[in-house]
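Knowing the structure of chain X, use the given hints to seat chain Z on it.
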Amino acid sequence: MKKLNGIKLKHRKNTEDCATVQLPLPSKIILPMSMHMGAPCDVLVKVGDLVKVGQKIGDSQAAFSVPVHATVSGKVTAVTDYQTAMGAVCKAVEIEPDGEQTVSEEVRPPVITDKESFIKAVRESGVCGLGGAGFPTHIKLNPKTPIDTIVINAAECEPYITADYREMMENTEDVLNGIRLVKERLGIKNAKIAVEANKPEAIKKFEDMAKNDDTIDIVTLPSAYPQGAEKVIIYNSTGRIVEEGKLPSDVGVIVLNVSTAAFIYRYSKTGMPFMTRRITVDGNAVAEPKNVFAQVGTPFADVLRFCKTDIDSIRKLISGGPMMGMSIPDINMPVMKTTNALLAFDHYDERQTSACIRCGRCVRVCPMGLMPAEIDKAYKIKDIEDLKALKVMLCMNCGSCTFVCPANRKLAETNQLAKALIPRK
Amino acid sequence: MNRLMVSPSPHDENYTKTSTIMLNVCIALVPALVAGCIIFGLRSLLLTAVTVGSCVIFEFLCRKLMKRENTVGDLSAVVTGLILALNLPVTLPLWMAVVGSFVAIVVVKQLFGGLGQNFANPAITARIVLMVSFASAMTNWAAPFWYKDGADAVTGATPLALGEGDALPSYLDLFLGNTGGCLGETCALALLAGGLYLAARRIISLAAPVSFIGSLALLSWIAGEDPLYQILAGGVFLGAFFMATDYATTPISTKGKIVFGLGCGIITFVIRHFGSFPEGVSFSILLMNVLTPYIEQLTRTKAFGGKYEKQKKEAESK
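So the sequence lines, in the order shown, correspond to chains X and Z.
Heads up: the first sequence begins at 0 in numbering that gives the first Met the number 0, then just goes up one per residue.
Heads up: the second sequence begins at 0 in numbering that gives the first Met the number 0, then just goes up one per residue.
Hints in this document: simulated from the structure, not taken from any laboratory.
Straight line, CA to CA, 25 angstroms or less: simulated DSS-like cross-link-like pairs of lysine-lysine:
#1 X:Lys376 - Z:Lys306
#2 Z:Lys306 - X:Lys381
#3 Z:Lys254 - X:Lys387
#4 X:Lys90 - X:Lys27
#5 X:Lys2 - Z:Lys254
#6 X:Lys182 - X:Lys114
#7 X:Lys182 - X:Lys210
#8 X:Lys387 - Z:Lys306
#9 X:Lys45 - X:Lys55
#10 X:Lys268 - X:Lys139
#11 X:Lys245 - Z:Lys306
#12 X:Lys188 - X:Lys139
#13 X:Lys203 - X:Lys7
#14 X:Lys418 - Z:Lys301
#15 Z:Lys306 - X:Lys418
#16 X:Lys9 - Z:Lys16
#17 Z:Lys16 - X:Lys409
#18 X:Lys74 - X:Lys51
#19 Z:Lys254 - X:Lys1
#20 X:Lys418 - X:Lys387
#21 Z:Lys66 - X:Lys379
#22 X:Lys55 - X:Lys114
#23 X:Lys74 - X:Lys55
#24 X:Lys245 - X:Lys188
#25 X:Lys387 - X:Lys376
#26 X:Lys143 - X:Lys245
#27 Z:Lys66 - X:Lys376
#28 Z:Lys301 - X:Lys387
#29 X:Lys409 - Z:Lys301
#30 X:Lys245 - X:Lys139
#31 X:Lys45 - X:Lys90
#32 X:Lys245 - Z:Lys301
#33 Z:Lys254 - X:Lys7
#34 X:Lys188 - X:Lys119
#35 X:Lys7 - Z:Lys16
#36 X:Lys418 - X:Lys381
#37 X:Lys204 - X:Lys12
#38 Z:Lys306 - X:Lys143
#39 Z:Lys301 - X:Lys2
Chain X on its own, in the form it takes in the complex:
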């Protein structure tokens, strides 16, 4: 089977050998009630309350949501209206840490006896997809169709980011135990750990540790972007094609991020909800690129100062990777559950957009086989039928088309705008 390839980016994994260091507690923690995909949580505390580490401070009645926990012990100083970098509007709880980090009584190892209690425990852990999308993990682990394979997404195909890589190197055992736990509880036969070829040490480590377990396969992905995209990684590790309008579970597959898997195992042992986020801090404005553990809710400014960043020189701040990350409007926004990297640059792309020369590079690089140049034209005249025929809904916004465009056309952005024109069924 021919594997799907992708574009070659400069890896710039400058921090791959940087063991993760703990960031000191900041003077303020901001916890937005919407750090996941789905309904924002309702605030469970009020100003003046004393909270402890691991105490639930936000939850929702909605099934498609994930609770929020206090990541520090201290006093609630404010409950504010907040807009996330994604544009979601929700409440946010501000906590002033007391420095004690007293653990809440709520924190105790979950009792997991069957699938149902496992799914419930995963929800209570507050975890959502740690690769960046923030899809509620308990929903993903509870599909309607039978699953025979779990694919562990350890591609980490974006430049700079080494957060998942450090998880693999530092907590290899947790990853494997997490996989075994999920397999056992959901009755899944096979697991595949899909790692990009640019991480030979992680591949070797997994192969050594899983060599006596023939239900766990290590798959080496080509070193190209976007190998970590769900449909790409499923095809490249199992050969199955997730058709338009279908979910991975329709072909018997669940894809789980490697750090998420390791976290689920740790939670099952300790009952400590998702508190600390491993972040790769890099970019040319950062003097000392590092991997840091930061409490969720830590303002970005604290993380950047810890890595000796000249704050005033920053012109562009990206949460996530340079290809799919979000640019951050305010340096005091907090670390979220999904923040896997923080990239600070002293410049931004100032090139003008010029006319499409029809070079076809966007078509050549699209991992989904779409024609962004044609979509661009159809979008301009708002031809909805043509946009449907061009399958714009399959675009996952990987950004490859915009990246290669010599005319600097924002094709990926146009695709998202075009998607919005198509009425949902």
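This is chain Z only, laid out in the frame that chain X set:
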């Protein structure tokens, strides 16, 4: 307070610009131009300077007149000028070359909206317009190395116009360009080198050139002609590598490029074999340019995991 730039992803910068691509095409055309200078003398260089210069000036004036941003910097006008020069006989009066540049840049390119919007290849259309308008000047072929004799231009004939009784040039002469013809089309070696350079830099795909040259050779062979002679003589290499690969006027998908190349090969063969013109490369490319939007419609790429109506119907009938 920091002033942070907020923009949609991706944020990574890529340094291949339109002008980088055009510059590479210029570089790829240099061997052919040098070959032209060696074979037909330094007037080749003068003619090229005139077409390139006038193309750039027309581009500048046209954009100015239309109150649009100046696009001279993308170097596409330079490329058009270079390719146009290579399509002209070295003896062509300079003012005619300027007329050619006018047709290429103003009529074919800018009137349709500029770079990427033109449906026909500017240089090829200019060549055809000149050929129809100034038939004798456009077929006043200089013999190779005429300038060495010190005499006035010795008229030569293109290999394709040679009659039954004439001595045909050898394959080596054809390959090196030691024959009559336009100043940039005779030396297959130089054109091949330029084409392969562009392919190696992934600027062009070889799909169209290979299917163009391949289908022409195959049809010529079937018709009992010498296939190698047919592809080396005339403007096949110039057309296949530099004009059948033009971004704006050929299909985007690989399938489309193959169809385009096949069409060029077939039309060239038909014109050469049955038509009254000795050469058909220009017309074949122009005709296929016109068909490009339709080829494009029919050769769209299939999305990964995409469901299409036709497949649905098939599935239903099963």
